[in-house]
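Taken in order, these protein sequences are the chains called A and B. Heads up: the first sequence runs through residues 1 to 260, numbered per this note's numbering. Heads up: the second sequence runs through residues 261 to 537, numbered per this note's numbering.
Some clues are possibly wrong.
What follows is a set of in silico ranges between Cβ atoms, one per label pair, in the way DEER data are often shown [claimed, not checked]:
hint	chain 1	residue 1	chain 2	residue 2	range
1	B	Glu-373	A	Ile-105	28 to 34 Å
2	A	Arg-93	B	Asp-339	33 to 39 Å
3	A	Leu-250	B	Glu-387	26 to 32 Å
4	B	Glu-494	A	Gln-166	43 to 49 Å
Calculated from the structure, these hints are not laboratory results. We put the CB at the ideal spot given by N, CA and C, even for glycine.
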Amino acid sequence: MNPALRRAADWAPAVAVFALGIAAWEGLTRGLGVEEFLLPPLSDILSTLRDQWSLIWSAGLFTFKEALGGFLIGSAAAILVALVLARWRGLGRAFMPYAIAANAIPIIAFAPITNNWFGLLSPASKIAIAAVLVFFPVLVNTIRGLTSVRPGQIELMRSYAAGELQIFRLVRVPAALPFIFSGLKVGTVLAMIGAIVGDYFGGSQDALGILIRRSAGIFDFELAWAAIVVASILGMLFYASVALVERVALRSQAMRGADL
Amino acid sequence: MSAQRAVVSLRGVSKEFGRGGVVALEGIDLDVRPGEFVSLIGPSGCGKSTLLRIVGDLIQPTAGGVSVNGKPPRRAREDRDYGIVFQDAVLFDWRTVEKNIALPLEMTGWSRERRRTRVRELLDLVELSGFEKHYPWQLSGGMQQRVSIARALSFSPALLLMDEPFGALDEMTRERMNLELLQIWEQTGSTVIFVTHSIAEAVFLSTRVVVMSPRPGRITGLVDIDLPRPRGNETREAARYAELIRDVRRTLRRGGGFEVDEDTSVEERLIAAEEGL
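Extracted from the complex, chain A is given alone in its bound form (with noise of 0.2 Å):
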């Protein structure tokens, strides 16, 4: 068989689950008349979004771009943050079991206050609780990654009379980029969960958010459903193209070597 059909091969379950699934969320909501505050039937949802298209893409675009501004903010100041735990392991002792507690902790449940903090229609006080969502997860992973370097690894280094510096940039953040990948995609779903339900407890009337809130409270479920689905579309796009990032980085890092 040749390499196209088989790939094909490989995903033809998948693709047939994904057709089945199309077909009884239709079949089923139509034939047995389910209730439209329920589930409407996905034709129904298909319309509105293609008749509404520039005003739920347009909010979608407005809570992407909270949720984008909070993921580089909040992984940026965790990837540094945890450049400075891992140099100096006193600090970290300190800060880790913090930054492991808090990990756990719903920061979502913040999403009000932080709407107090930065004002309940400014984009900035979702930015804000993205930023901290993510900030967490990709800290923990990031220090991980720096610190899970293999003992040999360093002996190896201080053969060569390297200093700290160069075991940073040539063993430690090479070790540590599959981490920090992970963290960094687990941190896009949070980022958008982050910026939509931050958009629920008030904000723009441009954000995908409020059109959700305010189209299921006056009863328009397809145009809810419709930003759902946009919702989803950009959370997933958002998640592929980091991981696609990740992907070159990945494989380029092995040509690149020093230049890293």
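Fit chain B to the given chain A structure using the hints.
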């Protein structure tokens, strides 16, 4: 044998881990002459790996004097006077074979062109030509260890420190690697200090075998290996080879080397703790 001419000279070297803790080495005196192949052999926990690391300035002795190429070990390390090979090949998964071997060269600022030429020579030497672009995880254990040896040889150090480099390999691979190592040693003319558990391996490779006792590690005997060179598969069948193996075994037994069979990891853990890793 005068101390100045020795590549490595140890005088009364002792090592105690922790305060008043385990005495790993006690009163080690040893001179290694240029071009020698010296094996350190002894039971687990006799401090032979510790001794190797003291020579490499990866661990500080508690007492005694060490000189490497006539310098303090720290200077020798900073001058990159030695290459080291561990039991685990310690290759970097994100680097190709070529980039792994070139790592020390990259760190000392060799140009890309010079690195490439040197790596090609080394791959030829360890018989891995054609594997430049492979990643470590695509190689067998024996091949990984050859990459690690090539890396240690990359900057042509006069001294090669080897810590049970073939300990994790199967018997057949180990014998082949022994032959290859002898060829490399004869071609490069470097001095080798080789830690091993295997009496047969020590006798086959060495010009001299240093026999150590269990903790606290002391030198209990030196056995000169006068087997003719070049050595090959026929060496393993020679009567003299069997005799020397018996001599080393007796020396080990006199030092109590067969009474203790401790967990190897004790020493590794002590070393790791010492280095704060």
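Which numbered hints fail: Going through the list in order, the structure violates hint 1 alone and respects the others.
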